[in-house]
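Asks: Sequence:
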Amino acid sequence: MSAVPSAPCASRLSPLATLAAAVLAVMFAALLALTLAASPAFAGPTATSTEDPVDLRFSDFFRQPVGPRGLEIADGLRAIDGRTVRIVGYMVSREDAQAGRFQLTPRPVRMSEHADGDADDLPPATVTVLLDPMQQDRIVAHQPGLVALTGRLQVGRVEGADGRVSWFRLQLDPAATATTVSLAPAPAHSH
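If you want this note's numbering, it's the 1-based position in the sequence shown plus 37.
Bear in mind the hints are in silico, worked out from the structure with no lab data behind them.
Treat the hints loosely; a few may be bogus.
[Unchecked claim] Between beta-carbon pairs, the in silico distance windows are:
1) Gln173 / Gln101: 30 to 40 Å
2) Gly182 / Leu159: 13 to 23 Å
3) Met171 / Leu108: 14 to 24 Å
4) Pro105 / Ala212: 37 to 47 Å
5) Pro102 / Glu132: 27 to 37 Å
6) Arg194 / Arg120: 11 to 21 Å
7) Ala136 / Gly182: 21 to 31 Å
8) Asp112 / Val202: 19 to 29 Å
9) Ala212 / Pro102: 14 to 24 Å
10) Ser96 / Asp158: 39 to 49 Å
11) Glu88 / Leu183: 38 to 48 Å
12) Pro102 / Ala136: 33 to 43 Å
13) Arg106 / Met171: 36 to 46 Å
14) Ala111 / Leu183: 34 to 44 Å
On a predicted model such as this, the values are computed, not experimentally measured, just so you know.
Beta carbons: idealized from backbone N, C-alpha and C, even for Gly.
Let the hints inform the model, and build the full structure from the sequences given.
Replies: Okay, structure coming up:
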C-alpha cells in the first residue's frame with residue numbers, strides 16, 4: 038500500500054468544501070464524545086426497537102481456531118443476524134468518502150484508492166456501516182480513534198452497486214447521524 042498524506046491536500050478542495058469538512062468533523066466529534074461519555078454498560082433501546090443491544094466484538098466474527106476451510110462465520114454471529122448490536126472499532130479513512138456508508142474495522146486502516154485502485158488492506162472482519170436510506174446521499178466525516186456504534190446487524194454476502202462485496206453490515210438508526218453528516222455531495226478529486 039502506498040504512503041498517503043495524513044490529511045487531504047487543501048489545494049485539491051474548494052474553500053467551501055474544506056470549511057464544510059471541518060464543520061462536519063467538529064460536529065461528528067462532539068456527538069461522538071457525548072455518545073462515548075455515556076456508561077459503556079448503557080444498553081438503552083434504539084428509536085425503532087425495544088431490544089437491548091448485544092455487545093459485539095470483532096473477535097466474535099469467525100470460528101476459532103481457523104480450520105482447513107479457512108475463515109468461517111461464527112455460529113454466534115449468525116445467531117444475532119437482524120438484532121441490534123453495539124460495536125466499537127475504527128472508521129476507515131478513505132481518500133474518496135462514500136455517500137451513505139462508511140466502513141468500521143478492528144484496527145486503523147487508511148485506503149488509498151487513487152494509488153491502489155480496488156486493492157486494499159481491509160481485514161476480513163470489516164463492517165459496512167449504512168446510513169438510513171433517507172441519508173444515502175450524505176457523507177460522514179472521518180473520525181480518528183475508536184468509535185462506538187449501535188445499529189441493526191446484517192450478516193451474509195451482499196454485492197454493492199460498486200462491485201464491492203460485504204459480509205457484515207450495520208444499519209444505523211436515522212437519528213444516529215442526523216447531526217453528523219454533510220448535505221453536500223463529496224467534492225470531486227482532480228489531478
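Asks: If a hint holds in the structure, say so; if it does not, say that too.
Replies: Taking the hints in turn, this is what the structure says about them:
1. For the pair Gln173 and Gln101, the supplied restraint of 30 to 40 Å holds, since their beta-carbon distance comes to about 36 Å.
2. Taking the beta carbon of each, Gly182 and Leu159 are about 18 Å apart, inside 13 to 23 Å as hinted.
3. About 34 Å separates the C-beta atoms of Met171 and Leu108, a value inconsistent with the hinted range of 14 to 24 Å.
4. In this structure the supplied range 37 to 47 Å holds for Pro105 paired with Ala212, their Cβ-Cβ distance being about 45 Å.
5. With their beta carbons about 36 Å apart, Pro102 and Glu132 fall inside the hinted range of 27 to 37 Å.
6. Take Arg194 and Arg120: their Cβ atoms lie about 19 Å apart, and the range 11 to 21 Å holds.
7. Taken as a hint, the range 21 to 31 Å holds for the pair Ala136 and Gly182, whose Cβ atoms sit roughly 23 Å apart.
8. Look at Asp112 against Val202: about 21 Å separates their beta carbons, and that is inside 19 to 29 Å.
9. For the hinted restraint 14 to 24 Å between Ala212 and Pro102, the CB-CB distance of approximately 40 Å leaves it violated.
10. Separation of Ser96 from Asp158 is about 19 Å and departs from the stated range, judged on CB atoms against 39 to 49 Å.
11. In this structure the hint that Glu88 and Leu183 lie 38 to 48 Å apart at CB is violated, the actual value being about 24 Å.
12. For Pro102 paired with Ala136, a C-beta distance near 39 Å keeps the hint of 33 to 43 Å intact.
13. Here the CB-CB span from Arg106 to Met171 is close to 40 Å, well matched to the stated 36 to 46 Å.
14. For the pair Ala111 and Leu183, the beta carbons lie near 22 Å from each other, so the given range of 34 to 44 Å is not met.
Violated hints, in rising order: 3, 9, 10, 11 and 14; the structure is consistent with all others.
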